[in-house]
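Taken in order, these protein sequences are the chains called A and B.
Using full-length UniProt numbering, the letters of the first sequence map in sequence onto residues 1 to 320.
Using full-length UniProt numbering, the letters of the second sequence map in sequence onto residues 1 to 320.
Everything labelled a hint here was simulated from the structure, so no lab data went into it.
For each residue, glycine too, the CB sits at the ideal point set by N, CA and C.
Just so you know, not all the hints are guaranteed correct.
Said to hold, decoys possible - Quick list of the computed label-pair ranges, beta carbon to beta carbon:
| hint | chain 1 | residue 1 | chain 2 | residue 2 | range |
| --- | --- | --- | --- | --- | --- |
| 1 | B | R258 | A | S6 | 17 to 27 angstroms |
| 2 | B | S6 | A | P310 | 16 to 26 angstroms |
| 3 | B | R56 | A | F239 | 53 to 63 angstroms |
| 4 | B | E178 | A | A12 | 38 to 48 angstroms |
| 5 | B | P247 | A | A115 | 53 to 63 angstroms |
| 6 | A | P231 | B | P19 | 45 to 55 angstroms |
| 7 | A | A37 | B | A188 | 56 to 66 angstroms |
| 8 | B | A26 | A | F239 | 48 to 58 angstroms |
2 protein chains.
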Amino acid sequence: MPHIRSEDDFLALVDRHFPRGGESVALSRGDDAAVIACPDRMCVTTDLFLEDVHFRRSYFSPGDIGYKALAVNISDVAAMGARPLGFVLGLVSPGDADRDFWNGVLAGMAELAEAYGLPLVGGDLSRGDKTGLTVTIWGEAGPSGRFLTRSTAKPGDILFIVGAIGLARVGLALLEKEGIGARERFPAAVAAHLRPIPRVDEGVILADIPGITACMDVSDGLARDLPRLLPQGMGADLFLPPGLLHPEVTAYAAGHGRQPEKEAIFGGEDYALVASATPEGWKAVRAALPGAHPIGMVGGKPGYTLNGAPFAMNGFDHFG
Amino acid sequence: MPHIRSEDDFLALVDRHFPRGGESVALSRGDDAAVIACPDRMCVTTDLFLEDVHFRRSYFSPGDIGYKALAVNISDVAAMGARPLGFVLGLVSPGDADRDFWNGVLAGMAELAEAYGLPLVGGDLSRGDKTGLTVTIWGEAGPSGRFLTRSTAKPGDILFIVGAIGLARVGLALLEKEGIGARERFPAAVAAHLRPIPRVDEGVILADIPGITACMDVSDGLARDLPRLLPQGMGADLFLPPGLLHPEVTAYAAGHGRQPEKEAIFGGEDYALVASATPEGWKAVRAALPGAHPIGMVGGKPGYTLNGAPFAMNGFDHFG
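Sequences and hints are given; from them, build the entire structure.
See the structure below:
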C-alpha cells in the first residue's frame, strides 16, 4: 500500500477532497490561521475521535471514520438549535500513513461536509502511535436567533426525543462481538453506530419554538445525559413503551436476555436530540416534527422513575 | 499519586483553573457548545500537542506542557497580526489520569491564558494511550482591521525576524541528550524550547504598518517556513551575521563542531515572527519595533543564498 511521503503530500490529499473556498471564508487553509466572516454570535464546540476509544479500524471503514468524526461535532451544533458554518481538523497518523486509508477517511468526511455546505478552513497534522481526528466546529443560530441550552428544563415540561435511542449501543455490542458481518442481521443498529445522523434541521425547528425549554444530544446515553438536561434538584418520570424502541433493539434484547428499555436508556452515541417543552410548546413540536416522541415529564424533585418504577441513572465515563 | 476518578472530577479540576466567564462569552463550558460574541471577521487555527511527538514528559514539567500547548496556538494568531479572543481544548489522558500531573498542566496553561485574558469556553476529554492536548483558538484583527498573510512578499522586500531563531533547536538537542539538567548551562535555549513566547503585541504592531507585505511564525524552521512566506517562483538572499544569533546558539555550535547559521536556519519551534516589508515599511518597523532584525531580501527568482553562497532550504516534516 502506498504511503504518504510528506506533509505536503498529505495536504494535497486534503485539497483533493475539500474545496478551499466557502461563502464565509475570507482566507482558507494554508496560512497560520484562516479568516472567517462571523455572525454576531456563534456556537463553538470540539470533539475528539480516537482509534480504539471512539472507533476501531477493524469494523469502521475509512469513510465511516471520517464521516463520524465530523458527524458527532455537527450533532453538538444541532443540539444548540444551530446550523454549522465551518470547521478545523487535527489529524494524527502513524508515520507510515497509508494513502488509501486517508483518502477514504477524507472522502467520508467530505461527503458529509458537502451535504451541510461546510468549509474545512484549517488544521494540523502530526505523527502519532494511533489514528486520531479532532474537529472544532462553529455554527450560527437559526431564524429565531436563539441557542438552545441544557439545564434549563422546568417541572411539568414534557421530555421528548428526536431520533432512535439504544440503537447505536446495540450496533456497538454486535460489532465488537461479530465484526462488520453483524450488519446483515442488524443493519439499522450497525448504521446507527457507524454513521449517526446529526439532527440539524430538527434542532433549528426546535429553537424556533418558544416553548422549548432545553435541548441536548444524547452522546453518553440517556441515563447520563438526561440529568444534564435538568437543573440540579430535579428528576423525571420516564415512559419508554416497547413500541417506541426500534425493532432491532427489541430483537437484540430478546435474543440476549436483556430488557429493551435498559438498552435504550444506557445506550450511548445515539446522537438523537433529547429536549423539554412546556405543554404549549409540545403541541407545536407535534405539529412541526411528527418524528418527535414523548418519553416522560420533568419533576420538581430529584430522582427518576422508568415506566412507573424507581430507576438509578448513570452511564459511560471515560475515567470512571 | 491520586488518580482522577471520573469525567466530572476532571472537569472540576478544569473549573479550578479556568473561570467560566469572559467578556465575549455568552455561554461557557458545560453545554453541547459554547456561545461567543464575535467581531465581523475572526482568524481561527488549531494545533496538536502530543506526548513523544511535541513534548516529552521526562523534561517538560506539567506546567511547561500546558503552557506550550496554548503558546503555539497563540503564536499562530500573533502571526496573523491578531489578538486571541478565546479557545477550546481537547485533552487525552491515560485512564489512570494522575491528578497532580493534570493540575500542573492546567495551571501552566491557565497562567498564560490569564496573561492574554483568554477564556477557555469548551472542550472534550478522552482516554488514550498517551497524553495529548489539542487547542483551537480564534482572534480578532488589531486597530488596522487587517490580518497578515503568507505568500504575499514582493521582490525587493526586506525580510526580518522578531525573536530569536535557532535557540529552541539548541534547547531541544540538549534536552534530548542531557535532560532538564541542560538548563544550568543553556538556560535561554532550554526556556526557548519549553516556554516559547508568542509575539502578539509585535504582530498587532506589524499589522498596523501598511508596508508589511507578509508575516508568519517560525514553527518548522526558517529553512522550511521562509519559502512559505514567499510567492511561488521567488527566492531570497539571506544574511545571518554571527552577531544576530543568541550567544547560546553560537556556544553550542562551537562546542559541537557545527555552523551556528545552520543551527539558526534549520531550527524549528522558535515561534519568532518572520515578515517582509517594503523599504518604506521597514523604516516604520525599525521605529516601532527596535527588536526586529533584518535577515535578507526577497528576490524575484527561485533559489536562496545564505551569507553570499547558494543554499538549499528544507526542514522538518512529520511524514518525510
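Tested hints:
For the hinted restraint 17 to 27 angstroms between B/R258 and A/S6, the CB-CB distance of approximately 25 angstroms keeps it satisfied. Taking the beta carbon of each, B/S6 and A/P310 are about 23 angstroms apart, inside 16 to 26 angstroms as hinted. As the Cβ distance of B/R56 to A/F239 is approximately 54 angstroms, the hint placing it in 53 to 63 angstroms holds. For the pair B/E178 and A/A12, the supplied restraint of 38 to 48 angstroms holds, since their beta-carbon distance comes to about 39 angstroms.
Between B/P247 and A/A115 the beta carbons are some 57 angstroms apart, a value that agrees with the proposed interval 53 to 63 angstroms. Distance hint check for A/P231 and B/P19: the Cβ-Cβ separation is about 22 angstroms, which falls outside the suggested range of 45 to 55 angstroms. Look at A/A37 against B/A188: about 41 angstroms separates their beta carbons, and that is not inside 56 to 66 angstroms. A hinted range of 48 to 58 angstroms is violated for the C-beta pair B/A26 and A/F239, which are about 35 angstroms apart.
Hints 6, 7 and 8 from the list above are not met by this structure, while the remaining hints are.
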